[in-house]
Amino acid sequence: MGGTNDLMSRINERYGTLSKGQKRLAAYIMDHYEKAVFLTAAKLGETVGVSESTAVRFAMHLGYKGYSQFQQALAELVLGKLDSVQRMEDVYGKIPQSEILATVLQSDAKRIEQTLESIDAHTFDLAVETMLHARQIYVIGIRNCAPIAEFLAFYLNMMLDHVQLLHTNSSSELFEQMLHIGKEDVIVGISFPRYSMRTLKAMEFANSRKAKVITLTDSVHSPMNLYSSCNLIACSDMSSIVDSLVAPLSVVNALIMAICIKRQKKVIENLELLEQVWEEYQVYGKDEIDYIDDSVRMRYGGKEEKEDGRWEE
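Counting along the sequence shown from 1, when you hit position 125 you're at 127 in our numbering, and nothing is skipped either side.
Keep in mind the hints are simulated off the structure, nothing from the lab. Just to be clear, a hint being listed does not mean it is correct.
Claimed, not checked - Computed cross-link-like contacts, EDC-like style, restricted to lysine to aspartate or glutamate with a CA-CA straight-line distance of at most 20 Å:
{"id": "1", "residue 1": "Lys-264", "residue 2": "Glu-281"}
{"id": "2", "residue 1": "Lys-22", "residue 2": "Glu-48"}
{"id": "3", "residue 1": "Lys-22", "residue 2": "Glu-54"}
{"id": "4", "residue 1": "Lys-112", "residue 2": "Glu-101"}
{"id": "5", "residue 1": "Lys-25", "residue 2": "Asp-187"}
{"id": "6", "residue 1": "Lys-45", "residue 2": "Glu-15"}
{"id": "7", "residue 1": "Lys-67", "residue 2": "Glu-54"}
{"id": "8", "residue 1": "Lys-267", "residue 2": "Glu-277"}
{"id": "9", "residue 1": "Lys-203", "residue 2": "Glu-54"}
{"id": "10", "residue 1": "Lys-203", "residue 2": "Asp-163"}
{"id": "11", "residue 1": "Lys-203", "residue 2": "Asp-187"}
{"id": "12", "residue 1": "Lys-37", "residue 2": "Glu-48"}
{"id": "13", "residue 1": "Lys-212", "residue 2": "Glu-131"}
Since this is a predicted model, take the numbers as computed values, not measurements.
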């Protein structure tokens, strides 16, 4: 039957040749394989909104002899998730508690070193220039990649206009937010194993509308590169149920810094504007600590705490 990831590999490789209904099945399985494993062909079709025969043809299109063999591949996929727990125990289970911190941080540092050695500088520069000249920047990251996408979008908003972080629980919401994407726009898709089909579909849609597509993923063989012309590769593999995303975040930091250097004046203007807004609306109030004569003076709402504990305006 092949390896644990055989099913996902088949879906990734054949995604471009799937029918509309089969793509809906692929999207559901990519996001909910742990539920799909218990469904018959009829029930899977009903859940997704296609016929039982479409579900069977989908299994055969992926190269399986029938739906039962496809279901076995699903079972192997679920077991693979459990195997990752065993791999974590094999790698980290024998390490004393006192050494776990150093071991994990050293592993993350190694991922950053590997990323630095393998990432293409020209591609990085192209990504920066593409974002700088885009009419609209869309950023998407699902599940474990959502925090990285939010981080990137937050700082891009400090430097550039027209940045949109795509929030979505379904493909329909996704396309509604991307309704006006066009050839002058760019989408940044962030996805690491297990890859998100919703992220892939967003990039497919952007590509169909002639928008530029930038990916941040873990391999040149990643399905996320299918619709991208600018592929940023960062190491994420780790023998654990928790993926290490430190290297991808470092690449995002580099993107932010490169754009910041190119847009220094804009950044300063935005920060000054934010300071005025914070001051006008007292976003942070007066909750600050002043160090004077080696003593700490607390300020709250214009009041000051004296040494005897009393408050003075």
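Hint check results:
1. Our distance criterion of 20 Å between C-alpha atoms is broken by Lys-264 and Glu-281, whose separation comes to about 28 Å.
2. As the CA atoms of Lys-22 and Glu-48 are separated by approximately 15 Å, the hinted pair is consistent with the 20 Å bound.
3. The suggested pairing of Lys-22 with Glu-54 holds, with an alpha-carbon distance near 15 Å, which does not exceed 20 Å.
4. Restraint check for Lys-112 and Glu-101: the C-alpha separation of about 16 Å stays at or below 20 Å, so the hint holds.
5. Between Lys-25 and Asp-187 the CA atoms are separated by roughly 25 Å; this puts the pair beyond 20 Å, and the hint is violated.
6. For the suggested pair Lys-45 and Glu-15, the alpha carbons sit about 25 Å apart, so the restraint of at most 20 Å is broken.
7. Distance restraint check for Lys-67 and Glu-54: the Cα-Cα separation of roughly 16 Å lies within the 20 Å cut-off, and the hinted pair is therefore satisfied.
8. At most 20 Å may separate the alpha-carbon atoms for a hinted pair to count; Lys-267 and Glu-277 meet this at roughly 15 Å.
9. Annotation: proposed proximity of Lys-203 to Glu-54 is violated, straight-line Cα distance about 23 Å (limit 20 Å).
10. Taken as a hint, the Lys-203 and Asp-163 pair is broken in the structure, with Cα atoms around 25 Å apart against an allowance of 20 Å.
11. Using a Cα cut-off of 20 Å, the hinted pair Lys-203 and Asp-187 holds, with the two alpha carbons roughly 17 Å apart.
12. Between Lys-37 and Glu-48, the direct Cα distance comes to roughly 13 Å. Compliance with the 20 Å bound is thereby established for this hinted pair.
13. As the CA atoms of Lys-212 and Glu-131 are separated by approximately 17 Å, the hinted pair is consistent with the 20 Å bound.
Of the numbered hints given earlier, the model fails hints 1, 5, 6, 9, 10; all others are met.
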